[in-house]
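What follows is each chain in one-letter form.
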Amino acid sequence: MPEAREARMPEASEEVVLVTGTRRGIGRHLAERFVGRGARVVGCSRGPAGWQADGYEHHLADVSSERDVKGLLRAVARRHGRLDVVVNNAGVAAMNAALLTPTTTADRIMAVNFRGTALVCREAAKLMMRRRYGRIVNLGTVAVPLRLEGEAFYAASKSAVVTFSQVLARELGPLGITVNVVGPGPVDTDLLRGVPADRVERIVQGQAVKRRGTFADVANVVEFFARRESGLVTGQVVYLGGA
Amino acid sequence: MEREALIELIAERLAELAPPGLAPGSQVTEETALLGDEGLLDSLGLVNLLVDVEQALEDETGAELTIGDDRAVSARHSPFRTVGSLADYALDLLHANA
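In order, the protein sequences belong to chains A and B.
Per our numbering: the first sequence = residues 1 to 243.
Per our numbering: the second sequence = residues 1001 to 1098.
To be clear, the hints were calculated from the coordinates, so they are not data collected in a lab.
There could be a bad hint or two in this list.
To be verified - Some, not all, of what chain A presents toward chain B, calculated at C-beta under 10 Å:
#	residue
1	Arg67
2	Lys70
3	Arg74
4	Ala77
5	Arg122
6	Glu123
7	Ala125
8	Lys126
9	Leu127
10	Met129
11	Arg130
12	Ala152
13	Glu171
14	Leu175
15	Glu223
Stated by the list, open to error - If you want the ones that stay clear, here's a sample from chain A, every Cβ over 12 Å from chain B, calculated:
#	residue
16	Arg33
17	Glu149
18	Gln207
19	Gly235
Cβ coordinates follow ideal geometry from the N, Cα and C atoms, glycine included.
All chains should be built: construct the whole structure from the sequences, respecting the hints.
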């Protein structure tokens, strides 16, 4: 096969960006940031967004469903004909001792966090490869490198996301598509609300920089990975706070 | 969709990809090898072709297909060995999807 054709770099104002899990929290913040810089943003969640913005369109989709994911990417292809950036933010967590975690919970965590991310990556890359350009950013967690007790299934699902992303980066590199991971520490989201305060504080104290992350901290790394100039940055994992 | 039309569709997509082993203007038949020593495609080329064919079938028939198989890159066992075997495989998917 011929060498990968040179990517045509998109202007920021014409970028099409897909963010999963945009109903609230980090996903909503990221979607609003991309809208703010002029991108056309497609978001999704299992329920209605509950917010709106010019340049933002919301789709109902469960990322763990292959049918939903294929339908979502088909809608992006038909409406925009292209996809430049994907942020796989949708995720679920359940803090519990591994020995007390029901199988249904374990399956749900793996289905949303790993299978959902993998399905969106697979279908998004099929659209991105038409133009030999794409930026995929997947959300990880500091629970992986910190090996946090009580988060075995959640951390394992995100560990799978890391390995998947690093292998995918090699497969998609020749197609002009990068794949990277950002792993936030504690950030004030619904996901964190169920975690006892003293436990959150212990995690923060285990970081090199001992403070909670903000949505802006996460967005900073996502935007770096998503930049057109980051074409040689792939297969990387950035853990916020220096975990 | 008829098998002949499907083979023609695959041949068109293959010609667009223009793999080095495919001389310009040469005839693509159902016997044309995609994989193996005589094959026209490497693994990346195969991915490109399958994604193109998947998209084209979806556009033409409205079927939601995922053309993938665990034996994809096996030159001996892959359903994507030749243009004809790929057409048969895709037809099976279309029928299952109907």
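Requested in this report: Return the numbers of the hints above that this structure violates; sort them in rising order.
Outcome: Of the numbered hints given earlier, those the structure breaks are 12, 15, listed in rising order.
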